[in-house]
Amino acid sequence: MISVQRLTKRYGQTEAVKNISFSVNKGEVVGFLGPNGAGKSTTMRILCGYLPADAGEVRVAGFDVFGDSVKARSRIGYMPENVPLYPEMRVYEYLSYRAALKGVRARQTEEKVEDALLLCGLSGVRRKLIGTLSKGYRQRVGLADALINEPDILILDEPTIGLDPGQIREVRELIRGLATRHTILISSHILSEVEMTCSRVLILDKGRIVASGTPAELGERAGLPLTGSLRVELKAPPAEALEVLRGVNGTGSVQIVRSDGGWTELEIVPGEQDPREELFRAVVAQGWTLRELASRRLSLEEIFASFVKTGGNTSGEEKS
Amino acid sequence: MRMLWNLWKREVASAFQTPMAWVILFFLLLVTGFNFYAGVTMLNHGPSEVTVVESFFNTVFFWFPFLLLFPILTMRLYSEEYRSGTVETLMTAPVRDAQVVLAKFLGVLFLYCVLWLPTALYFVIFQIYTRHEAAGAAGAYAGSYLLLLLIGMFFLSLGGLCSSTTRHQMTAAVMTLAAVALFFMTGLLSFLSGHVGPFMQTLSVTASPIEQMTQFSRGIIDTRTIVWYLVMTALCLFLTLHAFQSRRWKK
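If you read the sequences in order, they're chains A and B. Heads up, the first sequence is in the working numbering, so the first residue is 9 and it goes up one at a time. Heads up, the second sequence is in the working numbering, so the first residue is 112 and it goes up one at a time.
Derived by calculation from the structure, the hints in this document are not laboratory data. Just so it is clear, CB atoms sit at the ideal spot from N, CA and C, and this is done for glycine as well. Errors might be hidden in some of the hints.
Unchecked claim - Here are the computed lysine-lysine pairs in the DSSO-like style, where the Cα-Cα straight-line distance is at most 27 Å:
id	chain 1	residue 1	chain 2	residue 2
1	A	Lys136	B	Lys120
2	A	Lys79	B	Lys120
3	A	Lys79	A	Lys34
4	A	Lys26	A	Lys214
Unchecked claim - Derived CB-CB ranges, DEER-like:
id	chain 1	residue 1	chain 2	residue 2	range
5	B	Tyr148	A	Asp123	55 to 61 Å
6	A	Ser220	B	Met131	56 to 62 Å
7	A	Glu119	B	Met131	31 to 37 Å
8	A	Asp123	B	Tyr240	37 to 43 Å
Taking the hints into account, I'd like the entire structure generated from these sequences.
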């Protein structure tokens, strides 16, 4: 659906996007992840035909976004960062106007507007002036606008920025619901968000893609096992527990985290293989009570940090 | 065509949904009403060579609000979209730049016409009450309002051009006022007739809105004037289109 080849964009002397290539297939939900100024918004604006690329080719739904701009744009629903809207218009008025601009037939406009209002939970504020809406509702109006003509592709730039936790959850649910019908490209600098909504993640830093893959794949590629570490809580004397667990096949390193009231909590970093089954048998064989065995998943945050750090190093090497 | 209609509707609606159009209309009618009253009063004080229509369109009370109208009407056209960022949602919808430029121009032109339309009532009221003709012939009305439309087209497109170059409304307003004043002042060169050559004198008289209005409000319609304003309007719209597209220029 989206194909980007060797895309470069400069603002004066600074290169905001440096020679990036990626593609998004139909039905995928892809997350653009990166710190502020990584080139996420610039790339999205180019995809939507708002800014020209300095070099490279960008095709959306088979159309060149620069040469066949209008056709490409008619396939995209775009929600810019901070959702600019006309404050003097009413919600339904704005959505009808946007539907008309996006080529929805006059006869269908009412139906589409009603669908979008319902889907985005805007039915209660349909007659309100946009200028009087809260941030959360403005965000939803932007989302309703993006999907009003049921475009093949949704491009959402920081859709949950500035929302409170409850609203973030609502918008996230909404996006997840849309994933069944649209191809979605979503940007964020909040990692948990991308992790929860996206099937694939592209990590951008300083205008380059430093990593891409599913959150699990990224974990592997970062050189860290996905099951970052295990927590075990036993009713056993600390010294004995330490000794027994160290002897279990597959445990890399074992450390005591805490011990009180007869309970001992240990952290285990796994080695080559998954030690969980062996651990359980060893504990049972000793006649100890196992209260907790939990694997702490490596968060995208840690994966992200490791990539951005290496990305920074390579660009430093290039300069020297 | 349908796209143009949709864009145009929003332009017009945005003017009337905010107090702006109504406030301008109120003050314009106040000033032009006074202007009409002053004209009639003057004619009451003795015989005169001018008609009511001529006296209405050729006073400082007419020209002053007339010139102020352009920066006020055009300053937000593009600047507001740039500042609020709505230009991004607008231009990522499948619309062409030329459609937006044309719709904005036609929208503000419509507003301009709506603002001037009620002034025609003055002459209707005059005729009903006094049973005198307000003008020598129907051509005087046609001429006056035609010139009003033509100058309006040029100055509005000039204002739109200024607005399309900046995201600050005030900057756009100042630029428009300066540009409009510049074209308007060419007419004042004729007061220096002793010091300028015959070519400049002819030019200043032909290009002067004041001189043109003196002629048109008598019903004397000069096609050179019509062509001049149409060409200048087209030129301004063309430049506006390019200024509006400048974000898509490759460096």
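Taking the hints in turn, this is what the structure says about them:
no.	hint	result
1	A:Lys136 <-> B:Lys120	holds, 20 Å
2	A:Lys79 <-> B:Lys120	holds, 23 Å
3	A:Lys79 <-> A:Lys34	holds, 18 Å
4	A:Lys26 <-> A:Lys214	holds, 8 Å
5	B:Tyr148 <-> A:Asp123: 55 to 61 Å	holds, 56 Å
6	A:Ser220 <-> B:Met131: 56 to 62 Å	violated, 49 Å
7	A:Glu119 <-> B:Met131: 31 to 37 Å	holds, 33 Å
8	A:Asp123 <-> B:Tyr240: 37 to 43 Å	violated, 58 Å
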